[in-house]
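Spelled out from the first residue to the last, the chains are:
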Amino acid sequence: MHSFTPQPPAKNGNPDMKLLVIEDNPATGKHLETGLTEAGHEVVWMRDGKHGLEQALTRQYDAIVLDLMLPELSGMELLKELRSRGHRTPVLLLTALGSVEERVAGLQAGADDYMVKNFAFPELLARLETITRRASTPSLVHEIGSIKLDLSNRRITCGQTELQLTPTEFSIMELLMRQKGQVVTRKMLCEHLWDADWEGTTNVIEVHINRLRTKLEKVGEAALIQTIRGRGYTLGAV
Amino acid sequence: MQFESWFRSLRFRLSFWTSLVLITLVGLTLLGLRAGMRLALEHELDLLILEDAREMAMYVENFRGTPDAITEELRRKSLSHEERNWFGQVIGSKGEVLFRTPSTPDNFPAKALGRQGPISFERFRVVEFSSDKIGPGTVRILVGSSVDFINEDISLLGDMMLVAWLAIVVVAPLTGYWLAGRATRPLRQILISADKLQPGRMSERLPLSGAGDELDRLCIVINNMLDRLANYFERQRTFLANAAHELRSPLSAMRSGVEVTLERVRTAPEYRGILEETAEQCSTLNALVNQLLLLAETDGRHLEASTTTVRLDELAQKTISMFQGVAEQYQIDLTADLLPVTICGHSHHIRPVLNNLVDNALKYSNPRDSVHIKVGIDPENPNMALLEIRDSGTGISPEDLPKLFDRFYRTDQARAKDGRRSGTGLGLPIAQSIIEAHGGTIQVDSSLGRGTRIEVRLPVAPVVEKITGKN
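If you read the protein sequences in the order shown, they are chains S and X. According to the working numbering, the first sequence is numbered sequentially starting from 1. According to the working numbering, the second sequence is numbered sequentially starting from 1.
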């Protein structure tokens, strides 16, 4: 049993989203429910396609997390039914099938995004925020401590001093600041920077993070970027 | 069901059709023979009665003064040829009947035929012979003979032929079925042998009869296919065993970590530590599973017909940007020379190829080495895109070179778990699988201590497809 005392919602992002999770695997479903509730969202978890569709049609949700392989009614059928009835609720598909064809089929059926199972939880949170479009008007200025990042002129300053960052370092800071208070995985960074994930043993992110840290150290913010072992990076304390 | 399958059997159909053709041909031949026989006999009869008519003409010539002698001669002839119903008639120059045998059919017209050739009258053949040597004007001698004996002969012959034909109708299918059975016996042997073949017993092969015929060739073809299948199954089995083995290492690390932690109550930081460690192992497992899935998705498939196209140079640019930091970290000079070229495929498939190859080149280079990437059209074949990755690194030993694309094969350096050259042993096999699925080739050229050059060739996207493939 998970804790019923929800933790305070995360500082950033879209707290208080109403989310419908349709997932038949008990373990995955429970973790999604716990994780999303702890991130400050209201979660309804349905264990099969039929009841999931009823819920989706009767209540207004901000987003639906939909597993593809479901008993009674498959995720794909549910999605098509939902869309044919004119419901535009953003849908994030979860699936164990990850080939190019399956991704295309999912998106063509009207899904807003697609995640292959065995994903990192922070990635799910980030994607949910993206598809709910509440985050679609991102502010151009992000601040943490004395660090200020301005997207309009792509400058980053610490107090009065401007940090000289490479485009890659700037993009890393941009994503970290946009997701501040949350973990940003290596995969999210790779996809943000170079449009593709890299899971090889060569750590293509670390070198840039190290350089960023060196540059931040000079302005007295050495501890700003934290490594979360096994998960990724975050700004400040989690 | 049994009957129906017998009906469809090669043996039945083979004997059925050959017998049918044989019976029909023999039947037609016999019918033709009978008709020919009748014609021949009639022709012979025509000659005979024409001879008689000539004889009669000479007789009438010699004895024109003694009509009684002529009448007597006609009577004698009709009597001696009675069994043929022989008759004769002599027509004078004015068309009057001079002589007529009593055997002449009553309804036979008492006049000349008006034509030379033999004609058929009822069941008679009749000829006319004209002579102008007998008296004033032309005298016509008509001689007729019954064709009954021909009909009898032909009918007898027909009966004999029918018996022979009926014998063939009975014998041909039986012999045909027997011969077809003999001819298809090796085929049945193949069926029985092939039925015993099991994926689990891939060593079994079809026996050859040694006759060197088509069936032997079929067996050889099937056996060769079985060799390839056995080879493939063996590779898959080894691959599965290796994959399971590779998955077990991080799993076992996770399990021992979790179990040891659960042995006693620990502090929160300790729990956190083991969870973080487990998360790391999960990432390793996940990366491995993703590689296996990518391999499963591309292995033996044909993706070159894909309607999506990508710019190889743009993908290469992104890969270079991804590894630029690492190259700088190890003081390796990473340079590129990229010309625009579009290929059929999806970045989801092509990027891992580029990433793996560039990663390898950097891994096996030392400080102050260089890695150069070239993208363009193959100068030797304008239909192929050429990706060349050349490094001045450590190179590959001749022993490792042929095994480079074996799944899970690792060089000694790659086997070290924590070194920067460690790997899963799947990078190059995946690259090869993806490239081949796109109708391309990959070539490795390396000399130890001097570096490695990898050439990848992929079909260029047709221009038409680029325009229409935008749906």
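Hints are not guaranteed to be accurate.
Capping the alpha-carbon separation at 30 angstroms, the derived lysine-lysine pairs in DSSO-like fashion look like this [stated by the list, open to error]:
{"hint": "1", "chain 1": "S", "residue 1": "K117", "chain 2": "X", "residue 2": "K318"}
{"hint": "2", "chain 1": "X", "residue 1": "K133", "chain 2": "S", "residue 2": "K187"}
{"hint": "3", "chain 1": "X", "residue 1": "K318", "chain 2": "S", "residue 2": "K180"}
{"hint": "4", "chain 1": "X", "residue 1": "K374", "chain 2": "S", "residue 2": "K187"}
Partial pick of chain S residues on the chain X-facing surface, computed with a CB cut under 8 angstroms [claimed, not checked]:
{"hint": "5", "residue": "D195"}
{"hint": "6", "residue": "A196"}
{"hint": "7", "residue": "W198"}
{"hint": "8", "residue": "G200"}
{"hint": "9", "residue": "T202"}
{"hint": "10", "residue": "V204"}
{"hint": "11", "residue": "V207"}
{"hint": "12", "residue": "H208"}
{"hint": "13", "residue": "R229"}
{"hint": "14", "residue": "G230"}
Simulated from the structure, these hints should not be mistaken for lab results. Beta carbons are placed, not taken as given, at the ideal position from N, Cα and C, and that holds for glycine.
Hints violated by the structure (listed by number, smallest first):
2
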